[in-house]
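Novice: Chains as they are written, first to last, in our numbering: chain A, 54 to 338; chain B, 218 to 565; chain C, 11 to 282.
These are calculated hints, taken from the structure and not from any lab test.
These figures come from a predicted structure and were not determined experimentally.
Any given hint could turn out to be false.
Stated by the list, open to error - Reference excerpt, derived from the structure (chain B facing chain A, CB under 7 Å, subset only):
{"no.": "1", "residue": "Asn421"}
{"no.": "2", "residue": "Ala424"}
{"no.": "3", "residue": "Ala427"}
{"no.": "4", "residue": "Gln440"}
{"no.": "5", "residue": "Gln564"}
Said to hold, decoys possible - Distance condition first, Cα-Cα at most 25 Å in a straight line; then the derived DSS-like pairs of lysine-lysine:
{"no.": "6", "chain 1": "A", "residue 1": "Lys196", "chain 2": "B", "residue 2": "Lys467"}
{"no.": "7", "chain 1": "A", "residue 1": "Lys108", "chain 2": "B", "residue 2": "Lys561"}
{"no.": "8", "chain 1": "A", "residue 1": "Lys333", "chain 2": "C", "residue 2": "Lys113"}
{"no.": "9", "chain 1": "C", "residue 1": "Lys272", "chain 2": "A", "residue 2": "Lys153"}
{"no.": "10", "chain 1": "C", "residue 1": "Lys74", "chain 2": "B", "residue 2": "Lys455"}
{"no.": "11", "chain 1": "B", "residue 1": "Lys467", "chain 2": "B", "residue 2": "Lys481"}
{"no.": "12", "chain 1": "B", "residue 1": "Lys377", "chain 2": "A", "residue 2": "Lys196"}
All C-beta atoms in this analysis are idealised placements derived from N, C-alpha and C, irrespective of residue type, glycine included.
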Amino acid sequence: MHARHFDVTVYNLRYGMPLAAFFLLFFITPLLLLVFVSLHNDTAVSVFGLGQYAKVFGEGLALRILGDTLWLGVQVTLLCLLLGYALAWAYVRSSPTGQKVLMMIIVMPLLTSVVVRTFAWVVILGRQGIINELLLGWAWIEKPLRLLYSREGLIWALANVQLPLMTLPLITTLQRLESNLEDASAALGANAWRTFRRVTLPLSLPGVIAGSLLTFSATITAFITQSLVGGGQMLFMPMYIYQQASALQNWPYAAAISLVFLVAVIACVTLFSYLGRLSKGYTTT
Amino acid sequence: MDISRRRIMQSALALGALQLFPQLSMAQARNLVFATFTGSWEEAHKAVLVPAALEHMKDANIILDPMISVDQISKVMAAREHPPIDVMLHDPGPALTAIEQGLVEPYPVADSNFYQQLMPEAQDPMGPSIFYQIVGLTYNPETIDSPPTSWMDLWKPEYKGRVGITNMNSTLGTGFMVELAKLHGGSDSNIDPAFELLKTLKPNLAAVAANPGQLASLFQQGQVDISPGNFNAIQILKARGVPVEWIAPKEGAIAFKTSIHIVKNSPNRDLAFALIEASMSPQVQAQLMEAPYLVVPTNTQVKMAGEVASSLAKDQAEMKSRFLLQDWKVINQHRAAWIERFNKEIQV
Amino acid sequence: MSIGRRNDLSDIALKGSLYLIAWAAVVLLLAPTLIVLIVSFTDSYSLRFPPQGFSNRWYVALFKAFTLHFAAWNSFLVALITTLLCVVMGTAASLAIARSSSKAARCLDALFMSPLILPGLAFGLSALIFFSEVGIPVSMTTLVIGHTVVCVPYVIRTTSSALLQLPPALLESAASLGASRAHALRRITLPLIAPGIAAGAFIAFMSSFDNTAVSLFLRDARTDMLPIRMWQDLESKLDVTIAALSSVLVMVTLVMMVLMEKLTGISRRIRG
Chain A
54 MHARHFDVTV YNLRYGMPLA AFFLLFFITP LLLLVFVSLH NDTAVSVFGL GQYAKVFGEG
114 LALRILGDTL WLGVQVTLLC LLLGYALAWA YVRSSPTGQK VLMMIIVMPL LTSVVVRTFA
174 WVVILGRQGI INELLLGWAW IEKPLRLLYS REGLIWALAN VQLPLMTLPL ITTLQRLESN
234 LEDASAALGA NAWRTFRRVT LPLSLPGVIA GSLLTFSATI TAFITQSLVG GGQMLFMPMY
294 IYQQASALQN WPYAAAISLV FLVAVIACVT LFSYLGRLSK GYTTT
Chain B
218 MDISRRRIMQ SALALGALQL FPQLSMAQAR NLVFATFTGS WEEAHKAVLV PAALEHMKDA
278 NIILDPMISV DQISKVMAAR EHPPIDVMLH DPGPALTAIE QGLVEPYPVA DSNFYQQLMP
338 EAQDPMGPSI FYQIVGLTYN PETIDSPPTS WMDLWKPEYK GRVGITNMNS TLGTGFMVEL
398 AKLHGGSDSN IDPAFELLKT LKPNLAAVAA NPGQLASLFQ QGQVDISPGN FNAIQILKAR
458 GVPVEWIAPK EGAIAFKTSI HIVKNSPNRD LAFALIEASM SPQVQAQLME APYLVVPTNT
518 QVKMAGEVAS SLAKDQAEMK SRFLLQDWKV INQHRAAWIE RFNKEIQV
Chain C
11 MSIGRRNDLS DIALKGSLYL IAWAAVVLLL APTLIVLIVS FTDSYSLRFP PQGFSNRWYV
71 ALFKAFTLHF AAWNSFLVAL ITTLLCVVMG TAASLAIARS SSKAARCLDA LFMSPLILPG
131 LAFGLSALIF FSEVGIPVSM TTLVIGHTVV CVPYVIRTTS SALLQLPPAL LESAASLGAS
191 RAHALRRITL PLIAPGIAAG AFIAFMSSFD NTAVSLFLRD ARTDMLPIRM WQDLESKLDV
251 TIAALSSVLV MVTLVMMVLM EKLTGISRRI RG
């Protein structure tokens with residue numbers, strides 16, 4: 054077959070031009086404008102300067118909130134990892150019908166509004182909610198526990214909301230694992246824990262990284278859950294940005310902290326991607 | 218022909234849909250956006266004021282967009298040319314800001330039927346006052362054994378983890394902090410004593426609400442048992458089976474007058490006028506004074522009666538003498554800084 | 011053939027604990043939805059669970075909750091137009107970049123997918139500032155523009171995935187039989203990737219309908235969006251009507267999901 058002048062399976066790049074123009078105008082320009090606005094010292098956006106960033110790094114409040122938000126992401130991701138891994142593991146070992154049902158259960162929350170899912174947790178964690186009612190009913194506690202507006206309650210609510218994001222990549226990875234490897238490991242004398250630790254877990258690392266990345270990113274930007282379940286005494290970056298922008302109309306400061314937040318997110322994503330590439334190399338040797 | 222039949226079907230379906238969901242035609246009618254307060258005022262206005270105002274409007278809808286005063290100011294300042302709100306409701310502090318910043322239109326007093334009937338204090342051509350808010354202590358009589366008597370009761374150790382407050386974005390929160398400061402050597406311009414006391418209140422706090430409406434819902438959920446609160450919030454909660462009572466602390470309850478304004482550059486000035494007229498009318502004010510709304514009227518034609526008269530004041534004169542008033546001109550100068558400081562110090 | 015496993019204690023312990031945690035995860039995923047469904051039938055004003063009495067009063071209240079209907083209709087309209095824009099521009103972009111390995115194509119790919127990674131709030135704020143500085147007031151149009159930016163990656167992802175699975179032999183044989191590029195596109199490519207586009211369109215629609223980060227900044231009372239309306243109602247009062255609304259939304263989503271699964275095998279495509 055002689056060479057062609059063009060590849061019929063590839064289309065001209067100019068088909069992408071409408072979207073590129075759209076993005077240039079409505080995505081890139083606003084972000085550049087955000088940077089521009091953040092470089093002003095006053096709320097009326099007239100005095101140019103680095104005052105906002107001095108405030109962010111000097112005053113420390115924004116950094117503390119950022120750190121707290123990232124730490125929340127880590128806590129939720131770890132819990133999600135535990136739950137999601139077990140769920141993915143069980144999925145791979147289920148019958149085809151079981152898998153169909155499980156997949157529906159896992160994918161449905163992704164298509165449901167986050168407000169609806171978080172509202173459910175307000176019902177579950179409240180003083181009159183199901184957990185307190187059960188614990189009181191079994192006489193394990195005398196007075197209702199404060200679960201709503203607490204860190205623990207928030208972590209569990211977020212873990213539930215983000216669980217599908219962790220589980221799906223794990224399922225994809227675990228399915229690709231050859232079961233021969235586990236059998237081989239068993240045949241060579243390793244017990245179940247050792248097989249799991251030395252064979253299954255390392256080979257599923259790419260999925261773990263992918264799922265953790267998605268869960269982490271979603272958790273730190275989940276302002277609805279953070280505010281409904283976290284309450285007024287726990288302030289995280291998303292609500293802080295919203296408060297500064299909307300209630301206080303301090304656009305330059307809000308722009309500065311959202312850019313700091315953006316850079317932090319990009320840094321985390323890059324870290325995860327790097328770990329992902331490392332783990333892929335690890336699994337193919 | 219097929220095409221025309223299909224078209225008839227389509228238009229029939231569309232008309233049918235509009236009948237089933239009348240508010241879809243909202244897009245065609247004019248929409249007056251009224252930013253009322255969250256919680257009990259939203260309920261009261263939705264039930265009484267909006268229907269009364271709609272009677273005088275043709276082909277229009279009133280959309281309630283509940284938010285606290287300071288948020289209203291922010292939203293209007295962000296888009297002065299095309300304000301997202303047509304009618305604003307303001308507590309004394311933000312009202313001053315709104316007028317200073319040129320966000321409101323003078324009320325056409327000459328055309329008004331009811332303006333002259335208002336108390337002299339309530340008359341302001343830039344925005345008449347249509348009710349008073351009275352702030353005291355709200356508590357759950359089923360879980361709190363002895364009714365509180367003083368603002369400082371909130372610090373009692375037996376209320377650990379049961380106290381609720383709002384942040385200083387709401388007038389309720391700011392008024393509470395200012396009053397607290399004044400009782401401990403502060404003033405309308407210096408509330409450092411209050412911030413000191415706040416640190417010791419933290420162990421008792423169950424939640425910090427974003428606005429008074431959320432504070433009421435915390436009572437409903439049983440998350441808090443005692444809090445500073447507005448008088449008119451309790452009856453609606455009682456009607457829902459939530460056990461709540463209100464008392465005026467022995468140091469005195471705080472009163473604010475609340476004013477209503479037409480936003481400058483609003484395209485619906487005539488509708489706004491009709492709404493404000495309705496809010497000042499004796500009929501609406503009398504109805505709002507009754508249970509379960511218990512809103513304190515400013516129209517002198519309305520005789521104080523019912524729970525308002527028995528719990529608060531027999532008439533407007535007594536009201537003026539019994540309650541504490543604060544100097545919002547002074548408070549306004551510091552409020553933004555105080556809000557930031559509060560949000561910082563309240564974090565766990 | 012699987013080699014006989016030693017079913018000793020460690021094996022059972024491992025399997026047991028993993029299945030236990032998996033069951034906990036399933037309960038965690040299902041319980042919230044079920045609880046909201048049950049609570050929506052309570053006859054009282056509180057969210058106490060289990061409810062002490064049952065009635066459908068909150069569904070009646072939902073029927074009369076005109077502000078919620080208004081917000082729902084707005085969200086629906088915005089989602090519809092957003093999806094349309096996403097499908098048109100996204101499919102075109104996918105065609106351009108999916109199979110290409112040129113540097114420009116890779117750059118464009120990264121650009122178009124970046125809204126998925128960046129915090130939506132930062133973009134929402136930047137869009138608000140942008141429209142405000144340019145002088146365009148907040149409206150359905152600005153909402154559609156904002157939503158399109160954050161939803162088009164979903165269409166591109168599923169469409170590109172479908173394009174990559176398209177056997178090149180089909181297109182090559184069409185070309186060798188004399189079909190023009192446009193003809194091949196219309197008669198071969200598009201019909202074959204249609205399920206992928208449809209799946210992407212569905213996800214984009216749901217993503218726009220449920221969007222909070224962008225809607226938060228770009229909406230006002232006249233262009234109210236349902237998730238934000240629900241959130242603000244939940245923040246400022248305890249309205250059990252929201253429970254009824256949540257149940258309705260969940261049911262509708264469930265039905266649509268089953269339909270889309272039958273039509274396009276969507277669960278496969280979401281996994282990417």
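Novice: Determine for every hint whether it applies to the structure shown.
Specialist: Verification of the supplied hints:
With 7 Å as the threshold, the beta carbon of Asn421(B) stays out of range of chain A, its nearest partner Cβ sitting at about 12 Å, so the hint is violated. The beta carbon of Ala424(B) is positioned within 7 Å of a beta carbon in chain A (closest approach about 5 Å), and the interface hint is therefore held. Because the beta carbon of Ala427(B) sits about 6 Å from the nearest beta carbon in chain A, less than 7 Å, this interface hint is met. Satisfaction of the interface hint for Gln440(B) is found here, the shortest Cβ-Cβ separation to chain A being roughly 5 Å, below the 7 Å cut-off.
Evaluation of the Gln564(B) hint against chain A yields a held restraint, the C-beta minimum of about 6 Å falling below 7 Å. The suggested pairing of Lys196(A) with Lys467(B) is violated, with an alpha-carbon distance near 31 Å, which exceeds 25 Å. A threshold of 25 Å between alpha carbons decides the hint, and for Lys108(A) with Lys561(B) the separation of about 14 Å falls inside it, so the pair holds. Our distance criterion of 25 Å between C-alpha atoms is met by Lys333(A) and Lys113(C), whose separation comes to about 24 Å.
Proposed proximity of Lys272(C) and Lys153(A) is supported: the alpha carbons are some 12 Å apart, at most 25 Å. With a C-alpha separation of about 23 Å, the suggested pairing of Lys74(C) with Lys455(B) holds against the 25 Å cut-off. With a C-alpha separation of about 42 Å, the suggested pairing of Lys467(B) with Lys481(B) is violated against the 25 Å cut-off. Annotation: proposed proximity of Lys377(B) to Lys196(A) holds, straight-line Cα distance about 12 Å (limit 25 Å).
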